[in-house]
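Visitor: Just so you know, the sequences run in chain order Z and H.
To get our numbering, take the position in the first sequence, counting from 1, and add 227.
To get our numbering, take the position in the second sequence, counting from 1, and add 634.
Keep in mind the hints are simulated off the structure, nothing from the lab.
In this text, all values refer to a predicted model and were calculated from it rather than measured experimentally.
Do not take every clue at face value.
[Stated by the list, open to error] Okay, derived cross-link-like pairs now, DMTMM-like style, lysine to aspartate or glutamate, Cα gap no bigger than 20 Å in a straight line:
#1 Z:Lys381 with Z:Glu398
#2 Z:Lys234 with H:Asp933
#3 Z:Lys256 with H:Asp933
[Unchecked claim] Anything over 10 Å on all C-beta distances counts as not near chain H; from chain Z, calculated:
#4 Phe250
#5 Val355
#6 Ile382
No residue lacks a Cβ here, since even glycine has one placed at the ideal position from N, Cα and C.
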Amino acid sequence: MLAALGKQLYIIWSQIVTLWLVFMHIFKKADTVEYPDQMPYMFPRWRGRIILSRDPDGEERCVACNLCAVACPVDCIALQKTEDQNGRWYPEFFRINFSRCIMCGFCEEACPTHAIQLTPDFEMAEYVRQDMVWEKEDMLISGTGKYHDYNFYKIAGKSIGGKGKGEARNELPPIDRRSLLP
Amino acid sequence: MFEFVVGSPLNIALILGAVLVTAALLIWVERRVLGFLNERLGPNRVGPFGIAQSLADVGKLITKEDWVPPFADKLPFIVAPIIVPVVMLLSFAVIPIAPGIGIMDLNVGLLWVFAMAGLGAYSAMLGGLASNNKFSLLGGLRAAGQMISYEVFMGISILGVVILSDSFNLREIVEAQHKNGWYVFPQFIGFIIFVIAGLAETKRWPFDLAEGESEIISGFNTEYSGMKFGLFFVGEYIGMLVLSALIPVLFFGGWYAPFGWLELPNAIISGIFWMCAKTGCWIFFFILVRAALVRPRYDQLMNYGWLVMLPLSLVNVLVTGAVVLAQGN
């Protein structure tokens, strides 16, 4: 009897404490970020709108290797390789259907040249479905994105116009096997 | 011209308008205060501080398709939502707001409030039955059971007040409190029981088992949409208003200033001010309860009602009666 009464009193006491604690929250500042009026802080690694970056010399980084299109789980990337007079590969067209894109960032991870990158921008709503399909001109930025001094053709061994075999960074000149003869 | 007599057309128009506007505003107030209690902001977009949110809500509800499901029982389905607001408005009629301000001065005012509040149970019950839907039926059953069992000791809990003031007339209860002091102090247990039973009666949190959206979708109003749902909604808020006004009248001295403190010169203005202030405090308390407490299980609710509250309220009546008798009143 007494134990039951004690339990009831404890229940009532716990309700009163709850009411008091919740009441004290009215004096605290709201956590709300009033979004359209006030931009929330977006983290630099946020996976938002996709861009194509350029290397430090201002050339397109993308070499149209198709790895991003293969990695894409929703098949929203389409591109076609072509080649300029120097032998540099670049995409003839590069198209991302953002109405399919799930912003997973797999394309960024797959990219061997740091060309395709995700940015903290998320305001991509459109009124017309077709406007969600972005072409290369829409995505290509003038800067280097997150990686400032990476230049694929300066490091890779592929020879292009103005840079022969063995002239890349950290690369030795090719060995003439015949000259090794005693 | 501007003499205020209880029941004059001016009085009726003013009070009806004020109650309806307040009930509509409460929808916004509740969401806003709930937001602050949850460290959010609540609706603050429509109009200054979001005050026109209710207007936007009503506009949306009215323009929505008024759909009656083909499997529903048509007549009760349409009648059910009308009952709550009508009944709740009727029970507000006897509530004294200030000397000379009120709609009815009934000698059985208290009984009138309970009769009307009891009729409100039909709304949830009919709505639940007529919807012809399992969840609605469960919600209607719960509403009926809950309201019947809590009505019992809601009535008994205020018998102490009736014994002390010797009247069922709400105006006389207020006057008696002005003479003898607030009834919260001698009737504390009765007061607690009345508040809990009132919460259950208006089906407000934490006693919203009839709706219980995490268990039975939306209970008795699962199938309702548009303005029919809006009527249920407004009825609930008028009920909350009635309860918030009834508690000060029964336990906190009605329209009189607390302990004669800050009494305004004009009796009517002072009365309206204090009545509104006290009602507002109780509305805030009910919103706080909604924000803080969790919903009990249905069997816990019933056990608590019949095994704890009912005996407690009976003991309260017994002790009050004995004390009044012993004082040789």
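Visitor: Going by Cβ atoms, does Val355 of chain Z stay more than 10 Å from chain H at every point?
Guide: holds, 26 Å
Visitor: Please work out if Lys256 of chain Z and Asp933 of chain H have their alpha carbons no farther apart than 20 Å.
Guide: Not satisfied, since the Cα-Cα distance of roughly 39 Å exceeds 20 Å.
Visitor: Just checking, Ile382 of chain Z versus chain H, shortest CB gap more than 10 Å?
Guide: Check passes; 51 Å lies beyond 10 Å.
Visitor: Are Lys234 of chain Z and Asp933 of chain H close enough, with their CA atoms no more than 20 Å apart?
Guide: Distance of about 18 Å is within 20 Å: holds.
Visitor: Would Phe250 of chain Z pass as off the interface with chain H, using Cβ distances and a cut of 10 Å?
Guide: Since the minimum Cβ distance to chain H is about 6 Å, Phe250 of chain Z lies within 10 Å and the statement is violated.
Visitor: For the pair supplied as a hint, Lys381 of chain Z and Glu398 of chain Z, is the alpha-carbon distance within the 20 Å limit?
Guide: holds, 10 Å
The earlier numbered hints that this structure contradicts are 3, 4.
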